[in-house]
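Undergrad: Each chain, written out:
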Amino acid sequence: MILDNLTALTIYEVETLQDIFILALKEQENILLDMAKIDKIDIVGIQLLLSMVSTVKASQKTIKLINVKDTVLQQIKISNTQIALGLDV
Amino acid sequence: MSKKILVVDDASLIRHVAAKALKEAGFEAVLASNGQEGLNVLEQHEIDFIFSDINMPIMSGMEMVRRVRKNDKYRFIPIVMLTTETKMELQNEAKELGVKAWLVKPFNKDKFLLVLSKILG
Amino acid sequence: MTEELEIFLEDCDDQLQMMEDALVDMQSNGASESTIGTIFRAVHTIKGSAGMFGFDDIVTFAHTGENLFDSIRQGDVGVCEEMISLFLLCKDHMEVLINLLTEDKELSAAQKEVGHNLIQRLEGYLPRAQIKEENIEDIPSTIVIEAAKWHISIRFHKDFFTTGMSINSVFKFFNKVGKVLKIQPIIYNIPSIEDINPLHPYIGFEVCLLADLSKSEVEDIFEFIQEDVDLYIFLCDDSDEYNTLVSIRKEPELKNELINAKFIDEDTLIEPELIIPTVEEKEEIVLNQKEEEIVLNQKEEEIVLNQKEEEEEEIVLNQKEEEEEIVLNQKEEEEEIVLNQKEEEEIVLNKKEESSEPKKKAVSSLRVDSSKIDILINYMSEISITNSRILTLIDDEGSEIGETVIHMKQLLEFVSDGIMDMRMVKVGDSFNKFRRIVSDTAKKIGKDVDFVISGEDTELDKTVVERISDPLLHMLRNSIDHGVELPEDRVACGKPAQGRVDLRAYQDSGTIVIEIEDNGKGLDRDRILAKAIENGSVKKNNNLSDSEIYKLIFSAGLSTAETVSAISGRGVGMDVVKRNIEDLRGSVEIESTIGQGSKITIRLPLTLAVIDGFLLQVGDTKYIIPLENIKECIELTTIEQESLNGNEFINVRGEVLPLLDIRLLLGENKSITERQNIVIVYFGKKIVGLLVDELLGEHQTVIKSLGIVFDQLSGISGASVLGSGEIALIFDVARLIELRNEG
Numbered sequence: 001m002i003l004d005n006l007t008a009l010t011i012y013e014v015e016t017l018q019d020i021f022i023l024a025l026k027e028q029e030n031i032l033l034d035m036a037k038i039d040k041i042d043i044v045g046i047q048l049l050l051s052m053v054s055t056v057k058a059s060q061k062t063i064k065l066i067n068v069k070d071t072v073l074q075q076i077k078i079s080n081t082q083i084a085l086g087l088d089v
Numbered sequence: 090m091s092k093k094i095l096v097v098d099d100a101s102l103i104r105h106v107a108a109k110a111l112k113e114a115g116f117e118a119v120l121a122s123n124g125q126e127g128l129n130v131l132e133q134h135e136i137d138f139i140f141s142d143i144n145m146p147i148m149s150g151m152e153m154v155r156r157v158r159k160n161d162k163y164r165f166i167p168i169v170m171l172t173t174e175t176k177m178e179l180q181n182e183a184k185e186l187g188v189k190a191w192l193v194k195p196f197n198k199d200k201f202l203l204v205l206s207k208i209l210g
Numbered sequence: 211m212t213e214e215l216e217i218f219l220e221d222c223d224d225q226l227q228m229m230e231d232a233l234v235d236m237q238s239n240g241a242s243e244s245t246i247g248t249i250f251r252a253v254h255t256i257k258g259s260a261g262m263f264g265f266d267d268i269v270t271f272a273h274t275g276e277n278l279f280d281s282i283r284q285g286d287v288g289v290c291e292e293m294i295s296l297f298l299l300c301k302d303h304m305e306v307l308i309n310l311l312t313e314d315k316e317l318s319a320a321q322k323e324v325g326h327n328l329i330q331r332l333e334g335y336l337p338r339a340q341i342k343e344e345n346i347e348d349i350p351s352t353i354v355i356e357a358a359k360w361h362i363s364i365r366f367h368k369d370f371f372t373t374g375m376s377i378n379s380v381f382k383f384f385n386k387v388g389k390v391l392k393i394q395p396i397i398y399n400i401p402s403i404e405d406i407n408p409l410h411p412y413i414g415f416e417v418c419l420l421a422d423l424s425k426s427e428v429e430d431i432f433e434f435i436q437e438d439v440d441l442y443i444f445l446c447d448d449s450d451e452y453n454t455l456v457s458i459r460k461e462p463e464l465k466n467e468l469i470n471a472k473f474i475d476e477d478t479l480i481e482p483e484l485i486i487p488t489v490e491e492k493e494e495i496v497l498n499q500k501e502e503e504i505v506l507n508q509k510e511e512e513i514v515l516n517q518k519e520e521e522e523e524e525i526v527l528n529q530k531e532e533e534e535e536i537v538l539n540q541k542e543e544e545e546e547i548v549l550n551q552k553e554e555e556e557i558v559l560n561k562k563e564e565s566s567e568p569k570k571k572a573v574s575s576l577r578v579d580s581s582k583i584d585i586l587i588n589y590m591s592e593i594s595i596t597n598s599r600i601l602t603l604i605d606d607e608g609s610e611i612g613e614t615v616i617h618m619k620q621l622l623e624f625v626s627d628g629i630m631d632m633r634m635v636k637v638g639d640s641f642n643k644f645r646r647i648v649s650d651t652a653k654k655i656g657k658d659v660d661f662v663i664s665g666e667d668t669e670l671d672k673t674v675v676e677r678i679s680d681p682l683l684h685m686l687r688n689s690i691d692h693g694v695e696l697p698e699d700r701v702a703c704g705k706p707a708q709g710r711v712d713l714r715a716y717q718d719s720g721t722i723v724i725e726i727e728d729n730g731k732g733l734d735r736d737r738i739l740a741k742a743i744e745n746g747s748v749k750k751n752n753n754l755s756d757s758e759i760y761k762l763i764f765s766a767g768l769s770t771a772e773t774v775s776a777i778s779g780r781g782v783g784m785d786v787v788k789r790n791i792e793d794l795r796g797s798v799e800i801e802s803t804i805g806q807g808s809k810i811t812i813r814l815p816l817t818l819a820v821i822d823g824f825l826l827q828v829g830d831t832k833y834i835i836p837l838e839n840i841k842e843c844i845e846l847t848t849i850e851q852e853s854l855n856g857n858e859f860i861n862v863r864g865e866v867l868p869l870l871d872i873r874l875l876l877g878e879n880k881s882i883t884e885r886q887n888i889v890i891v892y893f894g895k896k897i898v899g900l901l902v903d904e905l906l907g908e909h910q911t912v913i914k915s916l917g918i919v920f921d922q923l924s925g926i927s928g929a930s931v932l933g934s935g936e937i938a939l940i941f942d943v944a945r946l947i948e949l950r951n952e953g
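Quick mapping for you: the protein sequence lines, in order, are chains A, B and C.
Counting in our numbering, the first sequence runs from 1 upward without gaps.
Counting in our numbering, the second sequence runs from 90 upward without gaps.
Counting in our numbering, the third sequence runs from 211 upward without gaps.
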């Protein structure tokens, strides 16, 4: 899935994103989260991603974050959450 | 991309010092002299952070904060109130609006910069 | 000139004018709260504005003035005329400084000198402590803080995200002030995507930060988000703290998380169940420790005691009350009840499953604010007094009502014993806390010390334990710093390189004895004496015994250490130690052998509130002697009485005892009774005979403090209300013995 309409994954977007994620969880078996258009993330966004990742794993499905931009990855690394998000770094 | 900081204070002295410090620290400073001007700035710029005085003509800092918190576009902007005295009632009111950081005036440039780095990293 | 500078100068003019007006007013009408306030604000404002421009000359100068006026405002310093003229001079000097700014000129040497002189004169009025504090502030470069590895555990309150503040900024700031060695996100509390409120924080962090910062400086990093974060900060090398962390966070997964992220080894972490008695907060008393405390909550390792979070809330709620809590552990079978003394009671019921193994037992505990027990003790004593009063009113112990009252009295004793028992704690917990400090201290000064604790199970009143803790620590430090020699020196004297310091506690005839013994170099008798003569506390030609000389180390201002080290003090410690112990109705003695070590013996009463006393009469007043201090009573015949007249000693079965005539000492009237008695009392190893009138028998005594008014009353430690409503004064035997020996 591509996060089409979003360019950021911050506190302003998390509520919308939660709905998108719940829907994706119902419809898809294996989720590919294309982050190509996301160029801003904060800890609130990271927490939501973490929630999504663990929910997906618990339901025996898979999720992978792809095309993560450097600026976003940097933010993720500050909180050392890249491993929990399954990002190869 | 440097972060944009809005400084709202009717005292030109404060604005002057703050702007100087911000530039030195590599931030972009946007200045406003009352709450209304501050709101106007928010409409035109993508602001990362607000420093605001409380007692100002035309629109007080408190009223500005109230409106900021109601606007979906920028309701989660971090705000530090600049104040001369620490009045509990004001602080409590601000807390309810989600403003819990206070900087007591007068402050010098170094203190101001320290605050910035604590809040913005 | 910039617009800002103009504003500043105008403002300064106004402030200086206000200041001058106030000072002139002060000269003619004396200082008032409003004039002092005006001047303080004026100086403060000038300092603040000047600070924004970086006008350091003005800031420094104004700062000193501000300090002085703050002290005046607080009432620490009085205003005199000289001071007012000094302040007028200061005002003039500030004007000069500000005018120089207008003209954009530098300060001349003469003007600098004037400013310097004025600052010195201002400081002359400042209370000492403040100057000291200022000096420390002025020369921060000389204070070297060692780089410390801090563990910072972070959780967030629910508003944190919505204030817009960012934790990533804090992490970035960490890297500015030091080096982040580890950040472990704590993610197991994040709910599933369906259940999460995305605006609430569930995530947490465990961070290891290497930085040259003190704990408060680390806390300061969170200055602007402190309202919304829940922090637990400690030094990484303190493994005990990790146990505390695990227990306060109440997160069953945390232990493994910390191990997996390599904050600690598996071995370092105790099973949470066993944490309770060892890591108990200082404010807590754990009762029934004799019984094995195993809290087994089957599947969950949830610790319901140690609810740090609740505790904190509680403390906020009961700020006025003492922040003490008592945990009572009662052995009951089925339930675990935790009662928190806040507005809401929280009851956690963990039903024990029937299928569980017989070994497992749940401990029921009840947490009570210890001030409530104090109140209870007070009421208990009132009830006992009232009951005794009834007995005296009946005047017929044989009657049915008399018997009932006597039975009641016995029951009351059980109850009050029970209550008193709640206050008792084992000294072990408190002692074990010293281990780390001792080893740190020894390490810091390059000494090798084997620290041996014994008698951990000895029980003592909680208040006593708390209040004895600091004095003990001080004495332990002294033993390590001044007692135990450096390893090489020890070897040179033919001793093993490792020194030994013993900390012992045991019960001895109604008192608790705590001993600190080291096998170091012992006290240097001659040096102590020389020092005492030098500072005038002892005359040159004296006949002081060794033990009297050793006792001098407890007097103020005596430190014989050649180099004053940071560990043990500048002779300001031991006198405070002694006073603290005496305040607890205890005594302290010291023995020492050169080259072999010293031993400090502290004797403390078991409890502070109730004593078994012996009631007696001298003149018109009733007195009580604590039973534990009484060796024997001797009835004097009239002949003996006469032969004794004026004698200062008495011969008891061949032993000569010093005698103290209470009637003379306290100015009592001559007694109505013919007979006099001698009560032989002892404290530690000292014995004195007290000459009194009538012996009235044993009496359970609840000590009431006499208050400040009677503080000066030497030899009296308190009072007690008798059943008849009369007041009896309680002798402070240790003091009485001292009085006798002082003559």
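Hints should not be assumed to be uniformly reliable.
Computed list of lysine-lysine pairs in DSS-like fashion (alpha-carbon distance at most 30 angstroms, straight line) [to be verified]:
id, chain 1, residue 1, chain 2, residue 2
1, C, Lys386, B, Lys184
2, B, Lys198, C, Lys315
3, C, Lys654, C, Lys788
4, C, Lys749, C, Lys809
5, C, Lys643, C, Lys392
6, B, Lys200, A, Lys40
7, B, Lys112, C, Lys389
8, B, Lys198, B, Lys93
9, C, Lys368, A, Lys40
10, A, Lys69, C, Lys386
11, B, Lys112, C, Lys315
12, A, Lys77, A, Lys64
13, A, Lys77, C, Lys425
14, C, Lys359, A, Lys77
15, B, Lys112, B, Lys92
16, C, Lys788, C, Lys896
17, B, Lys198, A, Lys26
18, A, Lys69, C, Lys382
19, C, Lys460, C, Lys582
20, A, Lys77, C, Lys750
21, A, Lys57, C, Lys389
22, C, Lys460, A, Lys77
23, C, Lys788, C, Lys895
24, B, Lys200, C, Lys809
25, B, Lys200, C, Lys761
26, C, Lys425, B, Lys200
27, B, Lys184, C, Lys460
28, B, Lys198, A, Lys57
29, B, Lys200, C, Lys359
30, B, Lys93, A, Lys69
31, A, Lys40, B, Lys184
32, C, Lys654, C, Lys750
33, A, Lys37, B, Lys162
34, C, Lys653, B, Lys200
35, B, Lys200, A, Lys77
36, C, Lys382, B, Lys109
37, C, Lys472, C, Lys654
38, C, Lys382, A, Lys37
39, A, Lys64, C, Lys472
Hint data in this document are derived by calculation from the structure and do not stem from the laboratory.
Undergrad: Now look at each hint and say whether the structure bears it out.
TA: Here's how the hints hold up against the structure:
1. C/Lys386 with B/Lys184: Roughly 29 angstroms between the alpha carbons, so the hint for lysine 386 of chain C and lysine 184 of chain B holds.
2. B/Lys198 with C/Lys315: With Cα atoms ~23 angstroms apart, lysine 198 of chain B and lysine 315 of chain C stay inside 30 angstroms; holds.
3. C/Lys654 with C/Lys788: Holds, because 26 angstroms separates the two Cα atoms, which is no more than 30 angstroms.
4. C/Lys749 with C/Lys809: Since the Cα atoms of lysine 749 of chain C and lysine 809 of chain C sit roughly 26 angstroms apart, the hinted pair holds (cutoff 30 angstroms).
5. C/Lys643 with C/Lys392: holds, 28 angstroms
6. B/Lys200 with A/Lys40: holds, 29 angstroms
7. B/Lys112 with C/Lys389: Within the cut-off at roughly 26 angstroms; holds.
8. B/Lys198 with B/Lys93: holds, 18 angstroms
9. C/Lys368 with A/Lys40: This hinted pair holds, its Cα atoms lying about 23 angstroms apart.
10. A/Lys69 with C/Lys386: It holds: about 25 angstroms lies between the C-alpha atoms, which stays within 30 angstroms.
11. B/Lys112 with C/Lys315: OK: lysine 112 of chain B and lysine 315 of chain C at ~28 angstroms, within 30 angstroms.
12. A/Lys77 with A/Lys64: It holds: about 17 angstroms lies between the C-alpha atoms, which stays within 30 angstroms.
13. A/Lys77 with C/Lys425: Answer holds: lysine 77 of chain A to lysine 425 of chain C is near 26 angstroms, not above 30 angstroms.
14. C/Lys359 with A/Lys77: Holds, because 21 angstroms separates the two Cα atoms, which is no more than 30 angstroms.
15. B/Lys112 with B/Lys92: holds, 11 angstroms
16. C/Lys788 with C/Lys896: holds, 18 angstroms
17. B/Lys198 with A/Lys26: It is violated: about 54 angstroms lies between the C-alpha atoms, which goes past 30 angstroms.
18. A/Lys69 with C/Lys382: Satisfied, since the Cα-Cα distance of roughly 20 angstroms is no more than 30 angstroms.
19. C/Lys460 with C/Lys582: holds, 27 angstroms
20. A/Lys77 with C/Lys750: At roughly 73 angstroms apart (the allowed maximum being 30 angstroms), lysine 750 of chain C and lysine 77 of chain A break the hint.
21. A/Lys57 with C/Lys389: Status violated; Cα separation ~34 angstroms.
22. C/Lys460 with A/Lys77: holds, 27 angstroms
23. C/Lys788 with C/Lys895: holds, 18 angstroms
24. B/Lys200 with C/Lys809: Measuring from Cα to Cα gives roughly 52 angstroms; hence the hint is violated.
25. B/Lys200 with C/Lys761: Violated, because 52 angstroms separates the two Cα atoms, which is more than 30 angstroms.
26. C/Lys425 with B/Lys200: With a Cα-Cα distance of about 20 angstroms, the restraint between lysine 425 of chain C and lysine 200 of chain B holds, given a limit of 30 angstroms.
27. B/Lys184 with C/Lys460: holds, 28 angstroms
28. B/Lys198 with A/Lys57: violated, 50 angstroms
29. B/Lys200 with C/Lys359: holds, 26 angstroms
30. B/Lys93 with A/Lys69: Holds, at about 22 angstroms.
31. A/Lys40 with B/Lys184: holds, 27 angstroms
32. C/Lys654 with C/Lys750: violated, 38 angstroms
33. A/Lys37 with B/Lys162: holds, 20 angstroms
34. C/Lys653 with B/Lys200: Violated: lysine 653 of chain C and lysine 200 of chain B sit about 38 angstroms apart, past 30 angstroms.
35. B/Lys200 with A/Lys77: Holds. Lysine 200 of chain B to lysine 77 of chain A sits at ~29 angstroms (cutoff 30 angstroms).
36. C/Lys382 with B/Lys109: Since the Cα atoms of lysine 382 of chain C and lysine 109 of chain B sit roughly 23 angstroms apart, the hinted pair holds (cutoff 30 angstroms).
37. C/Lys472 with C/Lys654: Given pair lysine 472 of chain C, lysine 654 of chain C holds - Cα atoms ~27 angstroms apart, limit 30 angstroms.
38. C/Lys382 with A/Lys37: At roughly 25 angstroms apart (the allowed maximum being 30 angstroms), lysine 37 of chain A and lysine 382 of chain C satisfy the hint.
39. A/Lys64 with C/Lys472: Holds - the C-alpha atoms of lysine 472 of chain C and lysine 64 of chain A are around 27 angstroms apart, at most 30 angstroms.
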